[in-house]
Structure formats: C-alpha cells, structure tokens
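*Asks:* These protein sequences, in sequence, are chains B and E.
Adding 3 to a residue's 1-based position in the first sequence gives its number in our numbering.
Adding 366 to a residue's 1-based position in the second sequence gives its number in our numbering.
No lab work stands behind these hints: they were computed from the structure.
Just so you know, even glycine gets a beta-carbon here, dropped at the ideal spot from N, CA and C.
Warning: the hint list may mix true and false statements.
As the list claims (entries may be wrong) - Simulated restraints on C-beta separations:
| no. | chain 1 | residue 1 | chain 2 | residue 2 | range |
| --- | --- | --- | --- | --- | --- |
| 1 | E | 502 | B | 65 | 37 to 45 angstroms |
| 2 | B | 95 | E | 498 | 47 to 55 angstroms |
| 3 | E | 498 | B | 71 | 19 to 27 angstroms |
Unchecked claim - DSS-like cross-link-like pairs, simulated, lysine-lysine; straight-line CA separation at most 30 angstroms:
| no. | chain 1 | residue 1 | chain 2 | residue 2 |
| --- | --- | --- | --- | --- |
| 4 | E | 538 | B | 123 |
| 5 | B | 123 | E | 457 |
| 6 | B | 131 | E | 504 |
| 7 | E | 538 | E | 463 |
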Amino acid sequence: MMRRIQFMLLLVGFVISGSRAQDTDLLSLLGNDDVTEYATAAFKTNRVINLHSLESTAGGVLDFKINHRFGFINGGPYEFFGLDNAMMRLGFDYGITDQLTVGIGRSSFQKSFDGFLKYKILRQSSGKKVMPVTLAVMAASSLNSVKWADPTRDNYFSSRLFYTYQVIVGRKFSDRLSLQLSPTLVHRNLVATRAEKNDVYAVGAAGRVKLTNRLAINAEYVYVLPNQLGPDYHNSLSVGVDIETGGHVFQLHFTNSTSMIEKGFITETVGQWEKGGIHFGFNVSRVFTIVDRTKHR
Amino acid sequence: MKKGIFALSIMLLGASALMGQKYFTKDGKVSFYSDAPMEKIEAHNTKAASVIDASSGQMEFAVLIKAFQFEKALMQEHFNENYMESSTYPKASFKGKLEDPGNVKMNQDGTYQTNVSGELTIHGVTKNVTTPATFTVKDGQVVGKATFTILIEDYGVKIPAVVKDKIAREVKIDIESQYLPMDDKS
Numbered sequence: 004m005m006r007r008i009q010f011m012l013l014l015v016g017f018v019i020s021g022s023r024a025q026d027t028d029l030l031s032l033l034g035n036d037d038v039t040e041y042a043t044a045a046f047k048t049n050r051v052i053n054l055h056s057l058e059s060t061a062g063g064v065l066d067f068k069i070n071h072r073f074g075f076i077n078g079g080p081y082e083f084f085g086l087d088n089a090m091m092r093l094g095f096d097y098g099i100t101d102q103l104t105v106g107i108g109r110s111s112f113q114k115s116f117d118g119f120l121k122y123k124i125l126r127q128s129s130g131k132k133v134m135p136v137t138l139a140v141m142a143a144s145s146l147n148s149v150k151w152a153d154p155t156r157d158n159y160f161s162s163r164l165f166y167t168y169q170v171i172v173g174r175k176f177s178d179r180l181s182l183q184l185s186p187t188l189v190h191r192n193l194v195a196t197r198a199e200k201n202d203v204y205a206v207g208a209a210g211r212v213k214l215t216n217r218l219a220i221n222a223e224y225v226y227v228l229p230n231q232l233g234p235d236y237h238n239s240l241s242v243g244v245d246i247e248t249g250g251h252v253f254q255l256h257f258t259n260s261t262s263m264i265e266k267g268f269i270t271e272t273v274g275q276w277e278k279g280g281i282h283f284g285f286n287v288s289r290v291f292t293i294v295d296r297t298k299h300r
Numbered sequence: 367m368k369k370g371i372f373a374l375s376i377m378l379l380g381a382s383a384l385m386g387q388k389y390f391t392k393d394g395k396v397s398f399y400s401d402a403p404m405e406k407i408e409a410h411n412t413k414a415a416s417v418i419d420a421s422s423g424q425m426e427f428a429v430l431i432k433a434f435q436f437e438k439a440l441m442q443e444h445f446n447e448n449y450m451e452s453s454t455y456p457k458a459s460f461k462g463k464l465e466d467p468g469n470v471k472m473n474q475d476g477t478y479q480t481n482v483s484g485e486l487t488i489h490g491v492t493k494n495v496t497t498p499a500t501f502t503v504k505d506g507q508v509v510g511k512a513t514f515t516i517l518i519e520d521y522g523v524k525i526p527a528v529v530k531d532k533i534a535r536e537v538k539i540d541i542e543s544q545y546l547p548m549d550d551k552s
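The following block holds chain B by itself, in its conformation from the complex (with noise of 0.2 angstroms):
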C-alpha cells in the first residue's frame, strides 16, 4: 500500500516535470516587465486649425507653415464668396526636442512678424508610469509692422508688440477622440480704447474625431471672458479636416477669424457666423527631417 502511494507520487512527479518541459507560454517566464507606453498623435500636427494642438514638432524635424484664409464668404459672387481675397501666414516650426518647439512666422494681416516657444511639461502615458494628460506651456509675441496710422503724434515701438501665454492641457481618449483646453492670456501694450483691456483672458476648447488613418475632423472656439474686448469682437469658432498624405498635412476648415496667430484670432475676430462672417482657408504643414532621430539619441 505505502509502495503504491510512493508510486503514484513518483508519477504526479513525472507528469509536473513532463508538464513544465513543454511549457508553452515561455515569455511569460520573463516575468510582466510594464513599460510606460506614451500616446502618441492626438492630434495630426501641432496646430488644430489656429490654437495650438497637444502635440509638438517632433526634435529634429523642421515643419513649413503655409496658412491661407480666404475673404469672407458673405462677400457674395461678387467677391466669389471671399476667394477674391486672402490673408497668409508663413511659418517655421522647429523640434529643438521632442518636448520644446520654436517657431517663427509673417502674416500679411497687420504685416505681423511673431514668434513662439512651446514646451511639452506632462506626456500622457500608461503602463509603468501613468499620466492621465498631456500639458504645455507655449509663449509666443508679435509685432504689428503696418505704418503709424497717425504719424504726428507720439508713436512708441512698444505699442507694436503683444504677448500670448498659453497653458494647453488635454488628453487622447481613443484612437478617435482628442480634447484639449487652453486657457490663454494675451497682452496688448496698446489698446484703441479706455473700455478695452491690455489683458484679456480666455480659454480655448478644441477637439478632433478620427474618421480613418489619414482623414479626421478638427473643431476649435475660443470664448473670451465679458467685458474685456470691443463690441465688435467675437469669439473664434473654426470647424475643418485634417487630411495626411505621406509627408503633408492639409487642413481645410471655415473659421470666423482672419489673422492666424493668438493675439488676432483671440481679440480682434469680426467675423460673426450667423452672418456669414466666415473665411474658407487651409493649413498646409510640410515636414522635413533635419537631424537624423536614430543618430539624435
């Protein structure tokens, strides 16, 4: 009896051993190694339409802006709905790293020259390390260059310049859906009247709906607080598509604002959408890789 119990355990001995040799799962003797996995590409570029997206230019990369905004499409036939008329912006975008982008531009509105310095704080990321947002600082300052409109009096060079400091927090809850918020804060050394404010503050909400691989849709609006601006300012509502292929990205979208850079679209938009006060325009972002990534780490 006690032989036969020795038996059978030698057995169920053989059977574990036999068992464990042919072991099937075999990576999962490496144990769970948990890696942070980062989101990545909440957005196509780093714009929405004018707001700053989530994401930066990638370190290395050099991205060419072209903007266009066409004239307002209640210009009628006349004016071919607006496509008569066009405002531009050219701008670089440079990845000093994957976290800080520098950027620099001309728009033909106001013949402004500005610059920015962007900063990714907090990446999203699962896994190991887990951060529910993604959070950037972005600086940016413009300078109207238009001739004084009255050159008799006083003109001080620092009535030219105006500050935008902008926090952007936001998440990629999918593959489809991105949201973020901005809020924002735009100083005007000069204003045309005692009611205006040199600081206004804002913040601006944006989001994008994934349609397949190279198609989404991007909306952004930017609401200004009360009592800040002139009567005849609104807020900035932009609704358009990203569309990717190979090395561009085109952004065609109707907005109510005609300048492209955050102290214009935020304080000095006309355009009102009910009433027709709308620009047809697109973006176009061309990147070209400068520093080799595999050489840059």
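Chain E: place on chain B using the hints.
*Replies:* Leaving out everything else, chain E in the frame of chain B:
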C-alpha cells in the same frame, strides 16, 4: 526502498531541470528594411524579448511595435498610426520551434545551423513562417541570428496607391539576439 524512490525522484526532477535549460533575452535586436524605388525605410528595435527552451527547441519572440525607431519622426508616427495600428495591435510575436534542437548544443561552444518554423503574428494576423537561423555559442552566451522576408499584404497592412513607390511590398527582417542562460528559479 523508501529512500531509494525518494532519491530517484530527486534525480529525475534534477535531470528534467537540466534538460529544460532555457535561454532568454530582453534586448534582442529586430530591424526591418523596405527598399522601394522612391524611398528606403529602415527601423530598429532593441527591446525584443525572447525565450528558447534548449531541450525541446521551443522558442518565443515578442516585440513592441511602438519601440521601433525610425530615422524620421513622421515615418515612425505613420508606421504606428496608419500602417501597424499599434494601439490596437501593440505587439508582433513569434511562437515556434527549432526544427533540429538536438543539433544545437547551447551548452557547448560552436556555431549551429537550424531551421526555425512557427507562427508569426503581425498586425493581428498569424502566418506560418520558416527561416534558417544560426546560433553561435561562446562562453555561455548564445547569439541567434535570422534573416527573412515577409509580404506586407499577408498581414493585412494596406498600402495606399499614392505611396506605392515609397513602401516596398516585401520587407526584409533581420534578427540578432544575445541569449543568456535563465536561472531556473526565476
């Protein structure tokens, strides 16, 4: 008698542990090359995980798609977003067998050739593949190397007509992994 059986079972267990010696890596290199008329693309991954059971010849291999590094950031983004859909299919894996494990003596210095065959899963699609592989054993380290080609369309990855000249239909895959003996207790 009792002692005898006990000793025998200990021996048997010991022997099976020895026979089941496993080798592993967590930083295997996987590279791929697409050589199309308009553009040459290559990407490298140095974080592949793999385990080989020397006695049975069973092996497994896995890489995170997002860990492939490209020369161009945009290529890397497109690779993940548009082609491999790496948030849906985060890993590529291989589960197979050395066809001639008796001929590959991983506890003995030398260079050994064998075919490796099994199931390769990329982009959620599993296909059978067979490739010749070389194992070089030196000082307890085992370096496994293999090169093979796959057809992109076999794995359900769609290449739009506009980039037909930029992405090759056939992609060459290079694997080079340095295996270390696994401590059986781990």
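*Asks:* Confirm or reject each hint.
*Replies:* Do the hints match the structure? See the list:
no.: 1; hint: 502(E) - 65(B): 37 to 45 angstroms; verdict: holds, 43 angstroms
no.: 2; hint: 95(B) - 498(E): 47 to 55 angstroms; verdict: holds, 50 angstroms
no.: 3; hint: 498(E) - 71(B): 19 to 27 angstroms; verdict: violated, 56 angstroms
no.: 4; hint: 538(E) - 123(B); verdict: violated, 36 angstroms
no.: 5; hint: 123(B) - 457(E); verdict: holds, 27 angstroms
no.: 6; hint: 131(B) - 504(E); verdict: violated, 35 angstroms
no.: 7; hint: 538(E) - 463(E); verdict: holds, 21 angstroms
Of the hints listed earlier, those the structure fails to meet are numbers 3, 4, 6, in rising order.
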